[in-house]
Amino acid sequence: MRAFAALLERLAFTPQRNGKITHLKQYFSATPDPARGLALAAITGDLGLKAVTPSLLRGLAAERVDPELFAMSYDFVGDLAETIALIWQPASTTTDVPLPELVDELTNTPKSQLPARIADRLDTMSANDRYAYLKLATGGLRVGVSGRLARMALADFGSLPLADVEEIWHGLTPPYANLFAWAEGGEKPEAAAHAPFRPVMLSTPTDLAALSGYDRAEYVAEWKWDGIRVQAVCDQGTRRLYTRTGDDISAAFPDIIDALDFDGTLDGELLIKRDDIIAPFGDLQKRLGRKTVSRKMQESHPAHMRVYDVLMWEGHDLRALPFAERRGQMDQIIKTIDQPRIDLSPLLDFATWDDLAALRADPPDTVIEGVMIKRRDSPYLGGRMKGPWFKWKRDPMLIDAVLMYAQRGHGKRSGFYSDFTFGVWDADALVPVGKAYFGFTDDELKELDRFVRNNTTETFGPVRALKPLKVVEVAFEGLNRSPRHKSGVAMRFPRISRIRDDKPAAEADQIQTLRDMLD
Amino acid sequence: MSTASGLLEIRPEGLYCPPGGFYIDPVKPVDKALITHGHADHARAGHGAVMATSQTLDIMAIRYGEDFTGSRQIANGTQTVNDVSVSFHPAGHVLGSAQIKITHKSTGTAVITGDYSRQPNPACAPFEPVPCDILVTEATFALPVFRHPDPLGEIARVLASIEAFPDRAHLIGAYALGKAQRVIMLLRMAGWDCPIFIHGALQRLCDYHIDQGVPLGDLRPATIDRGKKSDFAGQIILGPPSAFAATWAQRFPDPVICFASGWMQVRARARQRGVELPLIISDHVDWPDLTQTITELNPAETWVTHGREDALLRWCELQGRTARPLRLLGYEEEQD
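Going line by line, the protein sequences match chains A and B.
Under this note's numbering, the first residue of the first sequence carries the number 1, and numbering increases by one thereafter.
Under this note's numbering, the first residue of the second sequence carries the number 1001, and numbering increases by one thereafter.
Since the hints were derived computationally from the structure, they do not count as laboratory data.
None of the hints are false.
In silico lysine-lysine, DSS-like type, Cα no more than 27 Å apart, as pairs:
(1) K286(A) - K391(A)
(2) K446(A) - K1228(B)
(3) K446(A) - K1229(B)
(4) K286(A) - K486(A)
(5) K188(A) - K25(A)
(6) K435(A) - K391(A)
Here are some, though not all, of the chain B residues that point toward chain A, as calculated from beta-carbon distances under 7 Å:
(7) P1144
(8) Q1250
(9) V1266
(10) A1268
(11) R1314
Only a predicted model underlies this, so the values are computations on that prediction, with no experimental measurement involved.
For every residue, glycine included, the Cβ atom is placed at its ideal position computed from N, Cα and C.
Isolated chain A (complex conformation) (with noise of 0.2 Å):
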């Protein structure tokens, strides 16, 4: 329990990417089995334990503390499990728990005896113990790992290909032994589970310029909507929905798992649709990120699934297939499978490259971000590989915004300011209408920092106001009307695309501008 609280607590406190990966890593190594795949299942929110509620806690602590000294404590540090583990009668002895014997205790004491187990628990914990076994058994560890991120660590700790790693993935289940035992130079597990995510195959972004090298016979082209990219299987009877990244997320999407009746694997993108009119991405996004989704929601914002290509069909693994023939397959599957909400993306009819480059700047459906390019003779290989596929997209929406606020970075930017809200006129006042933290060369943040540090008007906690003069062009690939912005809009990876130092901020973008930009 020691090792997976200092994890914890290392992990929580640290921003980039690569030291979470590092701290996993040293865990993975030093730890064994069962205990590294129970916290790798705990980070990852696969464990699943689910009798500790916050109410059971908080009788826990009333019976220990006195009620008003609990509330002002509670109020000053703002985390029910945190307040518990700070305030609880230190142990005299601590006892190192092993992880397995704490989450074999959490999911099989029966309820009633439940509270009194844990106070038990915790009377013989140090204070760090106490907070991580708080959070193991409520659930939500907050330490801002994603199952992505995790699967990477553990690829890393193996030098195994992360596309395997996610293959085998969801047929696991904790605590992943077969999982560690791969990563240390043993067998690769089957994938036993049904309906098993396949790594996507992503393409790599081009030009007019770059594609002028290609001969144009050998490829084809179609629409790159503006959704999400999904991976849709049916298995045995097995039906899943994954992200491209492997999450499941069937459970939000139930009209699309009734539609797929059918035994396969098919990678297309996720929409809503209502009748023939795609709706913009905001309406996708409403239905995003829900553990489970109302009948309401789903007649309001119908999901469609638009089919790129087929993996599997039928038992048979199509992937090595050349694309051309794989989607001469797929017309005759999209008929057989039969269901409104599946069809297939159109190929698009084009003699060069700049018909290609006529289609892509007149779309015929404000939904479309730009066209795929792919090789006829391209097998489907999960990765981004350069060379078979290309995304061609829209040229980004530009504006010209004043910078508002400004925030300091982390790691490499530790004393920097690089993390920017920024806005645009109102009449005659400025309204936020975005953040940014890319987009700007080494030399530009130096010269963004140093206006930051030298036109500080007021200081919040970490934020800064500034002074309206910096005008930055700010590039982004869509806007979403937001009730939940105070401007009504929301940008889609906004980034600082030109510092603008020959415009003053006066002449900067009106809001109205934006607004127009809504279809």
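With chain A held as given, fit chain B onto it using these hints.
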């Protein structure tokens, strides 16, 4: 209690002793001030006369210049000031820090703790319990969630982190008076014999500690001109926390930001400051030491100055102790 009222009272300038005609740690310039220790919100420049330990007087001169007060008087044994006798007793907070004991023959004895700590601190003399009728105590960390761990355990975490990230510099934020020297001494006790690099703002107070017999070891300026970034890989650098927001931090390779403070007990506090390695090292009493000190001294009245007064008053109420809040203004949330 009636005895209490005559000995001390609250004025806008701070805590005042009418029979003695002086203030203790006043927040505004006054004619005569008794100063517990050299931290800025307790020791201000511009008083007519200051009485303090010789080390506190030296520290005030280092910080404010030799003319920081009209006249100085070194606290030495029991001295008479007007109708009261005063004496200074170690508080264990920082070098030179003292509690001030005031005795008036008819109204009794008060002890003003100033800031104090009961953890061993290799950079200053240990706290001395002084029996009294009125205990005027600080309450910076007066919540039952504050239990300061063994500071050597915290230092061990820094050394483990250096092992994990040998290419990164470790920047420890520590206030210039007291905390910085204590952290250096703890690092030395933990076996860190390498040079420790310090920000220019720490130089004179570190030099003064060495003069006073606190062996800080090999200290070097962290401000070498044209020093290569990589020179600082795997090294420990100390600076005042304010420097971390300045361009100063930019010279170090991918720094791990550490901060040595009692506030680091609370995760949200550490995150707000952008701290990657919080070190819970405090120069103030934690909750157990604070309540234990009150129990041990068993004063007739406990007066609570700056900090979390409400929680300590609640505890006194539960213990059946007479207590009152002073609600002194002018002390910011204690830097620690």
